[in-house]
Amino acid sequence: MMNLNPLTLKKINRFKSIKRGYYSFIIFILMIGISLFAELIVNKRAIVVKHEGTYYFPTYGDMIPGTKFGLDYDYETDYRKLKTYFKKQRKGNWILMPAVPYDAFENDLRVDQYPPFPPSIKDRHFLGTDTVGRDIVARLVYGFRYAIFFSLILLAVNYTIGVSIGSAMGFQGGKFDLFFQRIVEIWSNVPFLYVIIIISSIVVPSFFMLIVIMSFFGWMSMTWTMRTITYKEKAREYVLAARAMGASTSRIIFRHIIPNTVAIIVTFAPFSISGGIVSLTSLDYLGFGLPPPTPSWGELLHQGWSNMDAWWIAGSVVVAMVVTLLTVTFIGEAVREAFDPKMHTTYE
Amino acid sequence: MSKTSILEIKNLVTSFDTENGRIRAVDDVSFNVKKGATLGIVGESGCGKSVTAFSIMRLLPQPSGVIEQGKILFDDMDIVRLPADKMHEIRGNRISIIFQEPMTALNPVYRIGKQLGEVFTLHFPEMTDAEIHSESVNLLHKVGMPEPDKRLTEYPHQISGGMRQRVMISMALACKPDILIADEPTTALDVTIQAQVLELITRLQRETGMSVIFITHDLGVIAEMCDDVVVMYAGKIAEKAPVEELFKNPGHPYTRGLLSSIPRLENPGKIKLSIIKGMVPSLYELPDGCRFQNRCPDAEDICKTRIPEMKKVGDNHFAACHFPGKIPSPAFKPLQANDLKVDPPVNKTRESENFLTVSHLKMHFPIYGGIFRRKVGNVYAVDDVSLTIKSSETVGLVGESGCGKTTLGRTIVRLYKPTDGNIYFGRKNITRLRQKELRDYRRNMQMIFQDPFESLNSRHTVGDILEEPFIIHNVGTPDERKEEVKTLLYKVGLPEHAATRFPHEFSGGQRQRIGIARAIALKPDLIICDEPVSALDVSIQSQILNLLMDLQKEMNLSYLFIAHDLAVVKHISDRIAVMYLGKIVEFTDADTIYKKPLHPYTRALISAIPIPDPCIKGEKQVLTGDVPSPVNPPAGCSFHTRCPVAIDKCRSEQPLLLPVPGTAGTEHLVSCHLV
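Chains A and B are the protein sequences, given in the same order.
All letters in the first sequence, in the order written, are residues 5 to 352 by my numbering.
All letters in the second sequence, in the order written, are residues 1234 to 1908 by my numbering.
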């Protein structure tokens, strides 16, 4: 049974009372939720198709060939065309398309017109298309999914390594600590952008490859904090009490010290997330990130930069970045304030 | 405003806005401070003593602290309504304050001279630097600081706590204030240093004729220092009276409870103290009617509904009680002769067995320095200590801070690796056991720690905390452990549902009970109690002492009871070891220590304890100076630098801890050349 510490409960309540952070949190969770179920909102596949009395849900699962709906091709059904076809047929068949009936990879090409196309409600390109005719909403939504999960996984990996090594440094102290301090210092001075450029010129980095590379250079920051807190915590009497009882070192670290540092780790997390988003975006912008045609904000930003007259490209991605980073930062601020409510006290 | 009083507080109400609403920390408090006299404010923590003082200085945290009502009349001005710039002129100039914690009250990055000079530059801008310097030297000289010239160029961390408190006092006195507020000025100091500081304040008051408001929780200090006393309870005044009157004829049951729950040196040890049950109510959930009702042995129906008004008990003596001065109920009766029967020691046969023997134990901590981190010296924390503890016996260990008491305790349970010497537990030498082998012995030796807020992991429930010893030592199944936890909670007097709650939901006393429960979980033979009551309020302290004595009787425990308060140690111990600079200087049974102390250090410790009776104002033998650093202990007898009777031999030759000649039957060990 999870028995929530009333102190934690108090922190959560305090967090809720900081409106800016709390609403940002709700928006952020909503954004993640939407991006998780993005296939239902932004997709070229239909949500529901009713054809000759049977219902089809093509969103998830294998592709349904056109012949199934009485079309004359074997490849995946083009549901947008199917919709107009059904309308002409007037046989009671109908189709429900997502709000944005495009996915992130398809090029909406037209005769005698060259992308980028400006925003148009009629075409259901709510934010227009990019330079190769891909829908920007779709690119943004799927790009967000990549970015947020990238930074969440990166956070988990970085913190696992950083917390373990940091608390070991703090707990062991002495030579072990000195050795790792120097390692971390040298490590932090490796220019990691160059290393990534070199690596990605040899192999095309995949999603997990990028996480491995980034965490290779990202675990250090947490060690400093953890080392300091562990030094502080291990001198406290409850650790002494545990030791007097005969507790082993690993029990002291994992059962006693780390739970007491959670509060501090949590206050760092939102800022690490926004850091992760920013670094992935900038790598993509430079072209060293995820391989094309993976939807990514950095790549969109790059397009927007080279096509300034297509204002909707740069505009939408910049707004999306600002909103995301702002919400994450507001959350971070509110978490910090909720966990460390040193009231802004003054004396006259 | 009458001629004789200098400060008049009328119906003061000070509130704080907190997350859970507004609380009244000081609720309708009125009192007068007489010119040239000392007013004591006494009460347990959370009773509003300090807030009263800060209200007088208007040093309330903004924006949460507000003076809601009332007047503070000082020199025909109402401090409550004074504009801020006028207040700056009064603060530090006419009314000064010294704080509890001299360690943090001085700014560590400024030299002492600079901080002291600041007072002058603020209030006397016309003074030149040379004048400020000479005035500062004068002041430090006045507060008894050796080599004041040199001190001015030093930083706060270079001088000891007692010296820092002297600097604070000299800063407070720089402008010759009319009123000095002393907010627990000696609580953080050792008894010997406390005696020095108290003497200093008294002398300075005599010289300058200022009034002093003395805030403390220690009734002994009150009896020694004050002319009038205000007893506060839960934000309200419980009683105010001249000091003799208060001690002789306490009108409020709370005062009676406080007076009867302090352990006194002159009482025989090992008897149950009378206690005030329960604890101070939280300011968030104050009861209707009298705030003391839930702890009062004499409470009647009216106390539950009506707030008592101040009633006159005698001359200038008022108590906020519906039945002031009622014949005290037996609970708070002063001790009677037949209460004093000492229980015969349990298990006479086992008594002679020394089941813990410490012989020539040394614990030196190396100091590393220089570029290459070479060893440059040692801290001689415990230096050649021999000690025995018999089964179901309590051995007390007293001494000033920094004399190695805690280190000795921790070395005995092998939290440290001793440098030299031997520790025998029963017949087994545990000095050099490795961690794994030690684990079995840990079951038999446990510790109770000083700070109940620090020693419990705030992330674990009380149930988890109490279950941990069983888990570590693989005892029982989860269900059996749960049962054990319940029994433990019952044993230390906590409700069963405490198991699912977290430590911070409990008060200091309750937390200490949890710490005790954890220590007795595996039914150990020996418990090292490291200052278990020094962080607690008087009324809670007596509850815990009683609990420890009950458990000892029930479980045949032996205690090594470490404390700096000789009265507490004497109360609970069978034998007492007095420690000074890593060495035991006197070791004998508790009564002998009090009745016939032989070592000059023991005598000084005893005489430094403030006696909670204003009629006894005995000659004080105040020790000068501080405990020398354990890095360079003085040659010869380590006490010779402070000893009032030292002879030449003491400076060169180290005395040995030897039995006193002519004390057949009782063992009395002293290390002094003059015995």
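Since the hints were made in silico from the structure, they are not lab data.
Quick caveat: nothing in here was measured; it's all calculated off a predicted structure.
One or more hints might be untrue.
Heads up, simulated PhoX-like pairs for lysine-lysine below, C-alpha to C-alpha not over 25 Å straight-line [to be verified]:
| no. | chain 1 | residue 1 | chain 2 | residue 2 |
| --- | --- | --- | --- | --- |
| 1 | B | 1503 | B | 1623 |
| 2 | A | 126 | A | 54 |
| 3 | B | 1829 | A | 236 |
| 4 | B | 1347 | B | 1304 |
| 5 | B | 1623 | B | 1719 |
| 6 | A | 238 | B | 1669 |
| 7 | B | 1595 | B | 1661 |
| 8 | A | 179 | B | 1756 |
| 9 | B | 1661 | B | 1719 |
| 10 | A | 238 | B | 1650 |
| 11 | B | 1829 | B | 1503 |
| 12 | B | 1505 | B | 1304 |
| 13 | A | 179 | B | 1608 |
| 14 | B | 1829 | A | 238 |
| 15 | A | 179 | B | 1669 |
| 16 | B | 1650 | B | 1661 |
| 17 | A | 91 | A | 54 |
| 18 | B | 1503 | B | 1545 |
Here are some, though not all, of the chain A residues that point toward chain B, as calculated from beta-carbon distances under 8 Å [as the list claims (entries may be wrong)]:
| no. | residue |
| --- | --- |
| 19 | 10 |
| 20 | 13 |
| 21 | 57 |
| 22 | 59 |
| 23 | 103 |
| 24 | 236 |
| 25 | 240 |
| 26 | 241 |
| 27 | 248 |
| 28 | 251 |
Not everything, but these chain A residues come out facing chain B in the computed CB check (under 7 Å) [as the list claims (entries may be wrong)]:
| no. | residue |
| --- | --- |
| 29 | 12 |
| 30 | 239 |
| 31 | 242 |
| 32 | 249 |
| 33 | 254 |
| 34 | 263 |
| 35 | 264 |
| 36 | 267 |
Quick reminder that beta carbons are idealized off the backbone N, C-alpha and C, glycines included.
For this session: With chain B as the partner, please determine if residue 59(A) meets the hint condition of a C-beta pair closer than 8 Å.
Result: 51 Å, violated
Exercise. Are the Cα atoms of residue 91(A) and residue 54(A) separated by 25 Å or less?
Worked result: 12 Å, holds
Problem set entry | Hint consistency between residue 1829(B) and residue 1503(B) [alpha-carbon to alpha-carbon, up to 25 Å] | Given that 25 Å is the threshold and the Cα spacing comes to 19 Å, the pair holds.
Exercise. Between residue 1661(B) and residue 1719(B), does the CA-CA distance stay at or below 25 Å?
Worked result: It is violated: about 33 Å lies between the C-alpha atoms, which goes past 25 Å.
Exercise. Holds or violated: residue 240(A) as interface residue toward chain B, Cβ cutoff 8 Å?
Worked result: At 5 Å from the nearest chain B Cβ, residue 240(A) passes the 8 Å test, so the hint holds.
Problem set entry | Agreement of hint residue 241(A) with chain B interface, Cβ distance less than 8 Å | 4 Å, holds
For this session: With a cut-off of 25 Å on the C-alpha distance, tell me whether residue 1829(B) and residue 238(A) pass.
Result: 43 Å, violated
For this session: For the pair we were handed, residue 1503(B) and residue 1623(B), check the Cα-Cα distance against 25 Å.
Result: Roughly 16 Å between the alpha carbons, so the hint for residue 1503(B) and residue 1623(B) holds.
Exercise. Holds or violated: are the alpha carbons of residue 1650(B) and residue 1661(B) at most 25 Å from each other?
Worked result: OK: residue 1650(B) and residue 1661(B) at ~16 Å, within 25 Å.
For this session: Decide if the proposed pair is consistent with the structure: residue 179(A) and residue 1669(B), CA atoms, cutoff 25 Å inclusive.
Result: Since the Cα atoms of residue 179(A) and residue 1669(B) sit roughly 23 Å apart, the hinted pair holds (cutoff 25 Å).
Exercise. When you check the alpha-carbon spacing of residue 179(A) and residue 1608(B), does it fall within 25 Å?
Worked result: 15 Å, holds
Exercise. CA of residue 126(A) to CA of residue 54(A), is that 25 Å or under?
Worked result: 24 Å, holds
Comparing the model with each earlier hint shows violations of hints 3, 4, 5, 8, 9, 12, 14, 18, 20, 21, 22, 23, 24, 29, 30, 33 and 36; every other hint is respected.
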